[in-house]
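Participant: Here is how the chains run, residue by residue.
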Amino acid sequence: MAEPIIQIQNLEKRFVSKNTEVYALRGVSLDIEQGDIFGIIGKSGAGKSTLVRCINMLERPTGGAVLVEGKDMCRLSNAELCTARRSMGMIFQQFNLLMQRTTEENVCFPLELAGVPKHEAKKRAAELLQLVGLAERVRSYPSQLSGGQKQRVAIARALATNPKVLLCDEATSALDPATTDSVLALIKDINTRLGITVIVITHEMSVIEKICNHVAIINRGTIVESGTVEEVFFHPKTEEARRLVISEGQKTTESGKNLFRLLFNGRSSFEPVIANLVRECDVAVNIMFANTKDIGGQAFGQMLLQLPDDPEVIARVLAYAKAKELSLEEMSNG
Amino acid sequence: MVNEALLWMLAEGVYDTLYMTLVSTLFSYFFGMFMGVALVVWRPSGIRPRPVLYGVLDVLVNLTRSFPFLILMIAVIPVTRLLIGTTIGNNATVVPLVIAAAPFVARLIESSLLEVDSGVVEAAQSMGATMPQLITKVLIPEAMPSLINGSAIAATTILGYSAMSGAVGGGGLGKLAIMYGYNRYQTDIMFATVVLLIIIVQILQSIGNWMTKRSDKRIL
Ligand SMILES: Nc1ncnc2c1ncn2[C@@H]1O[C@H](COP(=O)(O)OP(=O)(O)OP(=O)(O)O)[C@@H](O)[C@H]1O
Ligand SMILES: [Mg+2]
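So the sequences go chain by chain: W and R.
Reminder that position 31 of the first sequence reads as 31 in the working numbering, one-by-one numbering, no gaps.
Reminder that position 219 of the second sequence reads as 219 in the working numbering, one-by-one numbering, no gaps.
Next comes chain R alone, as it looks inside the complex:
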């Protein structure tokens, strides 16, 4: 049963899954970072309270997060086609993945930044820190271990979404599992893809844990 073609297929599945996960995570962090910082800065107790903007952003994030991923994927098909030109394949899957994951990442970032002691922020303000300085030199560096920890959670969650996308035109291990395991009853292939997914999640999480611990100067 184990032949070279099958192994290549699985290897390609792993590659596609990693590609989608990585690219989506990067884009989600790009957008999520702005939203997460805004949620912290604009909140009523934040450094620049903007209750209305905060309220709008808060609801928007909740709205996107309450969409089941599969429904969202189908709902954003027009956007995907507009941006990528097609609705199948790795790059096409990145679009709904980012739309679904960015608000999630925003929440992760928000909760990490909120862990920073308000006294430290205040001390920096007392030294004449400007708004951008507070964000880039206090909030983000002080929250770094927690942010790294969050990024492992984000990456593994996005990996899970990417596998799900196999059901509606996405590639990677999820597609293999559905194509062979579900449609053709080849449970051994489905089993192999699941094991591979587990291994990838384990590795991502371990790297995350290791980097979190290494970056944190509070526990030496």
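This is chain W alone, in the form it adopts within the complex:
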């Protein structure tokens, strides 16, 4: 396999203020393959933004290394860093468009910085605005666009210099669900069509499920779990991962004992699965939560069940699940 396009090695970022010091990142190591869509997920304050910002040196790491195409970003001179940054586009939660420039002028901006002649820049901007579906808004100012449209302009702008990597820091967090889906679809489309490696920062598991191939879970500045989205979804190893795959905002894993997560194929089989289980094992189960998810284009149902506090019953249920090839994993730690 080719060398990963981005290698993060033992990265550390320490913020020192007055007399306190905060480790925003500690011992973070990740390899990101060329052409991948790599998700980084974590709670607010986990260090997600700091991590992406260390990739293009908006934030200077205090330890470790970030290699992009084998080049150590920390060791570049100012001029080299400017050039390196042009091969990495970045989009933000707040879009960060230039408010006094039109859509077209915003897309031309990075080209202008790179010294590309004006007519060439305009041609490229027209292509990109076509790609993001905003060809007819070239003369609009950001204040005349909706949030989704602004993010599309930001994406077009980030792609202007033909970057190899696109960094997205909570790019859909300010958008409504429908707009989020369309922007995610656009990012996915760009990834497949242009082969750009994408790094997606988010606090929503649904974003990861929709477009990512790999995911890393970050908590208090360290990566607690990483792997393919399927791996993490089907066999979450840590408490953080379990909490994420169930559903955001569900506190169920914290409350109660004998919680089990049941996974099965398909969308429409909640009732038979649970009815059979109840009948065959002669057990009263409590359904705490159920939903369906799309993982790698396939639909899966998942249910969070609470079983009676009786080791014998639990053993029976586990045996039944095993016989029926259902995935049933204990969620609570007792």
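There could be a bad hint or two in this list.
[Stated by the list, open to error] Listed below are several chain R residues computed to face chain W (Cβ distance under 7 Å; list not exhaustive):
1. S126
2. Q133
3. L134
4. E142
[Unchecked claim] Chain R is nowhere near these chain W residues, computed Cβ spacing over 12 Å in every case:
5. A79
6. L98
7. L167
8. K188
9. E239
10. F264
11. A284
12. A321
13. K322
Hints were generated in silico from the structure; no laboratory data involved.
Ideal placement from N, C-alpha and C gives every residue a C-beta, glycine not left out.
Got chain W sorted already, so can you dock chain R with the ligands onto it with the hints?
Facilitator: Leaving out everything else, chain R with the ligands in the frame of chain W:
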């Protein structure tokens, strides 16, 4: 009472006042722009933090600004003589006006540039913008409406200073008001100069407001 000579005198006063105001504003912006940009760029949270340089400049600006203008005018007389060769007249007044106004302009520019969303600056950095590019292509253009608004404030303030300079050798409407109104008790002439000053301030401020609104693409 209204005669041609008087009208000419007032017209000349208006001309002198406008001349001093305009020239001083231009020079104040020339120097103030450098200082204002430096204050933004060098501040601890700026794009090139230089705490010591920032501290020195910050104190210098405050020092100059805390001088009462009349005292400053007298204090810089040697400098004025050195630069202009005389200490009376329009050009001589420009020197203390610029010295007094440049730090004020620097503060106005500083506060305008600080209004620019740091996220936008960061986005430009992520695209590989160099330091000069950040200043000329992001900070200044994005702050333009606020900068124009500030320039109207600067011009009207400088106009006020120029009128004050009439007390110590400056020309223009301020001189007329003091010469006739204060020294010779011709209150009607003093009244006329004050009205003219009010009208000029109104016009400058209106132009400023109109240009601010026209330049701002955030409110359409
Ligand atoms: N400039 C800074 N100075 C001091 N501490 C900082 C600074 N920037 C971030 N931190 C701290 O580093 C930690 C990680 O912050 P970061 O912004 O990376 O979190 P995040 O995962 O992006 O959170 P969110 O989802 O809220 O954006 C936080 O504890 C934060 O307080
Ligand atoms: Mg963040």
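Participant: Next step is simple, just say for each hint if it's right about the structure.
Facilitator: Going down the list of hints, with the structure as the test:
no.: 1; hint: S126; in the structure: 4 Å, holds
no.: 2; hint: Q133; in the structure: 6 Å, holds
no.: 3; hint: L134; in the structure: 10 Å, violated
no.: 4; hint: E142; in the structure: 5 Å, holds
no.: 5; hint: A79; in the structure: 8 Å, violated
no.: 6; hint: L98; in the structure: 6 Å, violated
no.: 7; hint: L167; in the structure: 8 Å, violated
no.: 8; hint: K188; in the structure: 22 Å, holds
no.: 9; hint: E239; in the structure: 33 Å, holds
no.: 10; hint: F264; in the structure: 44 Å, holds
no.: 11; hint: A284; in the structure: 54 Å, holds
no.: 12; hint: A321; in the structure: 49 Å, holds
no.: 13; hint: K322; in the structure: 51 Å, holds
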